[in-house]
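S.K.: Taking numbering that gives the first Met the number 0, the leading residue of the sequence shown gets 0, the next gets one more, and so forth.
Check each hint, because a few of them may be wrong.
Unchecked claim - With a straight-line cut-off of 35 Å between C-alpha atoms, the simulated DSBU-like cross-links for lysine-lysine are:
hint, residue 1, residue 2
1, K31, K50
2, K2, K50
3, K31, K2
4, K43, K2
5, K43, K31
Stated by the list, open to error - Ranges between beta-carbon positions, derived for each pair:
hint, residue 1, residue 2, range
6, M0, G64, 31 to 41 Å
7, G26, K2, 14 to 24 Å
8, M0, A28, 18 to 28 Å
9, N7, P62, 35 to 45 Å
10, I32, R54, 30 to 40 Å
11, G65, E14, 19 to 29 Å
Because the hints were derived from the structure by calculation, they are not lab data.
All residues carry an ideal CB built from backbone N, CA and C; glycine is no exception.
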Amino acid sequence: MLKISVNNRELSVGEDCNLLQLITIAGFAEQKIALAINGEFVAKNLYPTTKLAQRDNVDIVTPIGGG
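Could you build all of it, start to finish, from the sequences and the hints given here?
M.R.: As structure tokens, then:
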């Protein structure tokens, strides 16, 4: 198991977990999001192939409407 941080909350995920799987685990599957690992933005088309590593810090944000 890998220990990672998602929005400052520690999670344990499988060794082969990718970003697409993490989005579902973290409860963001049905939302529009932007995602960064260790401060680096990751393009949506890379989610299925981007694997997580021990102690990665993942930030997931959702857009906020306003005007």
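S.K.: Using the Cβ atoms, figure out if M0 sits within 18 to 28 Å of A28.
M.R.: Taking Cβ atoms as reference, M0 and A28 lie about 21 Å apart, which means the hint holds.
S.K.: Is K43 close enough to K31, meaning Cα to Cα at most 35 Å?
M.R.: Distance of about 10 Å is within 35 Å: holds.
S.K.: Taken at face value, is the distance from the CA of K50 to the CA of K2 at most 35 Å?
M.R.: Within the cut-off at roughly 13 Å; holds.
S.K.: For the pair I32 and R54, does the Cβ-Cβ distance stay inside 30 to 40 Å?
M.R.: Taking Cβ atoms as reference, I32 and R54 lie about 22 Å apart, which means the hint is violated.
S.K.: Tell me if the straight-line CA distance from K31 to K2 falls inside 35 Å.
M.R.: 25 Å, holds
S.K.: Measuring from beta carbon to beta carbon, are G26 and K2 in 14 to 24 Å?
M.R.: 18 Å, holds
S.K.: Between N7 and P62, is the Cβ distance one that fits in 35 to 45 Å?
M.R.: 20 Å, violated
S.K.: Please work out if K43 and K2 have their alpha carbons no farther apart than 35 Å.
M.R.: Satisfied, since the Cα-Cα distance of roughly 22 Å is no more than 35 Å.
S.K.: Hint says 31 to 41 Å; check whether the CB-CB distance for M0 and G64 agrees.
M.R.: Between M0 and G64, where Cβ atoms are some 37 Å apart, the hint holds.
S.K.: Between the beta carbons of G65 and E14, is the distance compatible with 19 to 29 Å?
M.R.: 40 Å, violated
S.K.: Hint check: K31 vs K50, CA-CA at most 35 Å. Holds or violated?
M.R.: Distance ~20 Å between K31 and K50 Cα, so the pair holds.
The earlier numbered hints that this structure contradicts are 9, 10, 11.
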